[in-house]
Each structure stands twice: as structure tokens, then as C-alpha cells.
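Take the sequences, apply the hints, and build the full model.
Those sequence lines, one after another, are chains A and B.
Residue numbers 1 to 218, in my numbering, belong to the letters of the first sequence in order.
Residue numbers 1 to 347, in my numbering, belong to the letters of the second sequence in order.
If you are wondering where the hints come from, they were derived from the structure by calculation, not from laboratory data.
If we take Cβ atoms under 10 Å as the criterion, some of the chain A residues that face chain B in the derived model are:
id: 1; residue: 13
id: 2; residue: 61
id: 3; residue: 195
id: 4; residue: 201
Even glycine gets a Cβ: it sits at the ideal position worked out from N, Cα and C.
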Amino acid sequence: MTQAPRLHALGDAALLCELPAPATLAQQQQIWALASEALQWRGVHEVLPGMNNLSLLFDPEEVDAAELEMQVLSAWPQLAGMAIEGREIRIPVAYGGEDGPDLTEVAAHTGLAPAEVVRRHSEAEYVVYLLGFLPGFAFLGGLPPELATPRRAEPRVAVPARSVGIGGAQTGIYPLVSPGGWRLIGRTPLELFDPRAAEPTLLRPGDRVRFVVESAKL
Amino acid sequence: MRVAGVLTVLRPGLLASVQDLGRYGHRQQGICPGGALDALGLTLANRLVGNCDGAAGLELTLGGCEIRFDAPTRIALAGDDFGARLDGAPLWPCWSVPVQAGQVLRLGPANEWSAKAGLRSWLAVAGGIDVPPVIGSRSTDLKAGFGGHLGRALKKGDRLSLGIPKLDAARLAQRAFGLRAPEWEQDADGAVALRVMRGPEFEQFTLAAREQLWGTAWRITPQSNRMGTRLDGPELKRKRHMDMLSSAVIPGTIQVPPSGQPIILMGDAQTTGGYPRIGVVIRADLWKLARAPLDGRLRLAEIDATAALQAWAAQRHYLAQVGQSLAAAGWPVPAHNPPEGERHHAD
Chain A
1 MTQAPRLHAL GDAALLCELP APATLAQQQQ IWALASEALQ WRGVHEVLPG
51 MNNLSLLFDP EEVDAAELEM QVLSAWPQLA GMAIEGREIR IPVAYGGEDG
101 PDLTEVAAHT GLAPAEVVRR HSEAEYVVYL LGFLPGFAFL GGLPPELATP
151 RRAEPRVAVP ARSVGIGGAQ TGIYPLVSPG GWRLIGRTPL ELFDPRAAEP
201 TLLRPGDRVR FVVESAKL
Chain B
1 MRVAGVLTVL RPGLLASVQD LGRYGHRQQG ICPGGALDAL GLTLANRLVG
51 NCDGAAGLEL TLGGCEIRFD APTRIALAGD DFGARLDGAP LWPCWSVPVQ
101 AGQVLRLGPA NEWSAKAGLR SWLAVAGGID VPPVIGSRST DLKAGFGGHL
151 GRALKKGDRL SLGIPKLDAA RLAQRAFGLR APEWEQDADG AVALRVMRGP
201 EFEQFTLAAR EQLWGTAWRI TPQSNRMGTR LDGPELKRKR HMDMLSSAVI
251 PGTIQVPPSG QPIILMGDAQ TTGGYPRIGV VIRADLWKLA RAPLDGRLRL
301 AEIDATAALQ AWAAQRHYLA QVGQSLAAAG WPVPAHNPPE GERHHAD
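Given below as C-alpha cells:
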């Protein structure tokens with residue numbers, strides 16, 4: 001069983017529960033379990049998983065912070081070991097060329113050939129730790145460490161929607177046009193966010209993601 | 001007979017958008033709450049025109065706008081009035097005013113604003129702005145481009161349908177009346193004082209930085225927007241650099257990027273961030289933040305959770321009193337009745 005989370009107020013109507021570093025999949029599974037449990041509690045109206053942490057948004061008129069802290073700490077030992085069996089989502093990617101203008105930079109930084117970057121990126125299995133930052137933006141765990149590449153010194157003003165990038169030790173997909181500093185290695189035709197759909201985001205926490213090479217311009 | 005009307009945007013000003021009390025329950029999907037940055041103001045304006053608290057209105061920025069009402073209705077303005085006039089007659093904040101077909105509301109030009117003039121205004125119209133709810137709200141998500149009117153800021157010539165008013169024709173036409181608008185005490189130097197709880201990373205900052213946080217009259221930079229109020233002042237330093245994992249940010253969160261210049265996040269901010277959170281503005285003071293003028297000054301004062309909840313209770317009490325006095329004057333106060341699937345939390 002892991003250590004209990006550190007609790008801290010996030011303003012007068014939210015409670016942050018933070019696990020000790022480093023972030024691991026096992027700890028993230030406990031975060032998801034606590035999130036789904038806490039949503040059943042009186043006064044908790046929204047949960048927001050982060051990386052290795054969870055915030056509970058609550059109505060202090062229904063439950064006070066001290067009571068909520070007790071609930072978290074007493075629920076925690078029972079939650080250990082719970083896991084979410086996510087779906088497997090395959091994401092086709094056109095690597096390189098106009099779709100992935102920074103593929104050569106990632107290759108240069110990692111010392112790998114562009115084709116090798118594509119192979120390793122597309123052979124790994126990733127897990128959605130959380131959605132955040134932008135609607136439908138997934139924080140993925142599982143990037144092969146040798147592909148880690150620092151962000152650009154000057155972020156782009158407008159990254160095209162559905163671009164696949166690497167930023168530090170993370171990889172991800174921009175759902176919308178947005179400013180961003182990640183190195184862009186490809187682009188997917190899939191919509192990550194559709195506000196009119198019954199399920200507006202393609203990905204959910206716990207999903208397992210695989211990138212499938214649709215094309216590669218090396 | 002009660003009929004739904006239409007309004008036409010003749011000039012939108014710097015930024016005008018359809019907003020209700022926000023989109024809740026979807027932060028897990030990365031969807032920000034958005035909504036009127038001053039939920040208190042929109043609620044008051046809605047009550048003044050017989051709407052439920054969560055009806056959609058317009059959020060206007062720095063005046064300079066003109067709106068024509070194409071059918072008889074009733075309006076109320078909250079926030080800063082920018083010398084608002086309805087066909088020449090002054091429209092004070094928190095007044096409920098009958099409107100005849102064809103009348104035009106004008107808010108003064110942005111170049112007349114001073115530090116006193118403020119920043120934003122919220123307009124409620126009887127029946128509310130009748131755009132379709134998307135993901136449980138009528139608010140415009142400007143960054144993601146959905147909700148509100150066509151998912152975007154309003155443009156010249158936009159025509160917006162209004163909902164069926166809850167007021168009958170006699171009430172719509174009733175002579176104007178007003179409420180005392182909420183105000184805040186300014187510091188002697190004109191700074192707006194906000195009450196702040198310590199954030200989760202407060203202890204990571206140097207003693208000097210913590211003293212500077214509370215001791216500075218921070219300048220609000222013109223780069224501020226619906227995502228965040230950007231402050232200019234001394235560089236807030238951490239004891240040492242520590243990498244932070246993505247973690248929740250909510251409206252009011254004061255995050256400190258590597259520049260050391262704090263940003264107070266607002267309704268349209270991203271749902272998670274990676275910068276240390278030195279403090280969080282309490283819910284009861286977010287409306288002041290929404291109105292604090294660009295180039296004006298902010299002062300941050302530490303408060304504990306108990307006092308923060310007392311401040312929130314006081315705001316709820318004020319709203320309850322408003323509801324009672326409206327009801328006592330025979331003004332219809334609709335039951336709280338948000339659209340299906342929508343939940344209102346003024347956080």
C-alpha cells in the first residue's frame with residue numbers, strides 16, 4: 001500500500017490530494033479510484049485528476065473541508081490496488097513532412113534516424129493519465145525515455161489541431177489550434193474533441209493508446 | 001401574449017460574448033468552466049429582469065458597444081456602466097429598465113476609460129439569450145470555439161434570439177427601478193483588495209517572496225484576458241527550482257511562472273497547470289477581480305478558510321436579501337431553474 005496523500009486546500013471550495021513523487025501508473029490508478037469514489041460523496045460535485053494528484057471540488061455548505069479530509073484519509077487504504085481497465089484506442093498518424101515539421105529535430109536530438117523515431121514512437125503502448133490543459137488533451141504515460149526531447153525555446157503561436165508532439169518526457173496530441181512548444185512529429189486525422197458528440201472527448205483516463213503509422217515522410 | 005424578441009449587435013466593443021454561470025462537471029475532460037467572470041453581477045442583472053439566475057446574458061469588455069433591441073423587452077446592466085445610455089437616458093448599474101422596440105443601448109467609448117471606469121459589464125435581457133446549450137451551458141468557450149453564439153465572440157450585425165420572458169407585458173413595461181449595486185472598499189491608493197488563501201506551493205517561495213505577495217500594490221497588465229489577470233511587480237522567487245506535475249487550477253488560482261510575475265487564473269483558464277500555486281483568491285472576491293481595471297492596482301490579503309467561508313456566506317446572504325426585497329415589491333423571482341444537466345457553482 002502506498003503512502004497516504006498530502007492534503008491541501010485549493011481555495012475555499014476545493015481540496016488537493018497529492019501523492020508522493022514519482023508519478024507511477026500504480027499511483028495514478030489509485031487516483032482514478034479515489035476520483036470515482038469521491039464523486040459519490042455528499043457535497044463533492046466535481047473531481048479533477050492531475051498527474052499523481054486529485055482535486056475535489058466541493059460545496060462547503062454541504063460538507064466541510066475537515067470532514068472531507070477525514071473521508072479521503074479513511075477511504076485511501078481501501079482503494080489501494082483498484083485499477084481501471086481502459087479501452088485500447090488506435091490513433092493513425094502521418095509522421096514527418098508538413099504534418100510533423102520537427103521530426104528531424106527530434107531525430108537530431110536523440111541521435112536516432114527519423115525512421116527509428118517513428119518506429120519507437122509507434123511501437124510503444126501509452127496510458128492516458130488524465131485529460132487537462134485543453135478540451136480532450138490527454139497526458140500520456142509511456143513515451144520511450146530515449147525519445148524525450150526538450151520543448152522549443154520559442155513556442156509556436158498556433159500549432160495545427162490534431163498535431164502529435166513530444167515535449168520533454170511526454171507525448172501528446174493537440175486537440176485544437178493552440179499555442180504550444182512541443183516538437184511536432186506528426187498529425188492524426190482523428191478528432192480528439194467534438195463538443196456536439198454525446199461523448200465529446202475521444203480519450204478517457206485509463207485508456208491505452210497506440211499510434212499507428214499511416215504514412216511517414218522521412 | 002409573451003413573445004420572444006431579438007437583439008442586434010451594432011458594435012460589439014473590444015470583446016462581447018454570450019455567457020451564463022458556466023459549464024460545470026467537465027473539467028475532467030479538459031473543458032474549462034468559463035461563464036460570466038462576475039457571477040454575482042450576472043445573477044443580479046438576471047433577477048432584475050425576472051430571469052432565473054443562470055440565464056445567458058452578454059459579457060462586454062471596456063464599453064464601446066451598441067446594441068439594438070428589436071422588440072419591447074426589459075434589461076439590466078451589472079458591472080461598470082461606461083456611461084451607458086438607452087437612447088440618451090442614463091442606464092445605471094443594477095437598474096431594471098423597460099425597453100421599447102428599436103431602442104439602442106450605448107456604452108461609452110473605451111478611450112474614455114480611466115482607472116476608475118473599470119473593465120467589464122454584464123447585460124441581462126428578459127428571457128435570456130436563447131442560444132442552444134452545448135455541454136450543459138450557453139457560455140461561449142472562446143478558446144475551443146463552441147457554445148454561445150456560433151462558438152465565437154460577437155460581431156457587428158449579429159442577431160441574437162431571446163427566450164420567452166418570465167415577465168408579463170405589464171411587468172416588462174413597468175417603470176424603471178434599481179438596487180444598490182455591490183461595491184468594494186478601495187484602498188487609499190485606489191487598489192482593489194482581494195482576499196487570498198495560501199496555495200499548495202506557498203511554502204516553496206522564499207520568505208521575501210511571501211512578504212512581497214502580501215505587501216505589493218500589483219499592477220494589472222493590459223495582457224490580461226478571460227484566461228487570466230496578469231500582474232506586474234517584484235519577481236516572486238522560489239527557494240529552489242522544483243519540477244511540478246500537472247495539477248488542477250481553478251478560477252482565482254495565483255500561479256507563478258518562471259518570470260516570477262503572478263497570473264491570477266480566470267474562468268477561461270486551462271483546467272490543469274504546471275506552475276506553482278502561491279495562493280487562491282476566495283470565491284467571494286472573484287467578482288472584484290473580474291472588474292478590476294487594466295493598469296489599475298491589486299492588493300492581496302491573506303485570509304484563512306473560516307474567514308473565506310464567512311465572506312461567501314455574506315455574499316449568499318446579500319443575494320437572498322435581494323431576492324426578498326424584489327419579492328416584497330411584487331417582482332417575480334423565478335425558482336432556481338437551470339437547464340437540464342447544468343449545475344451552478346460559483347467557483
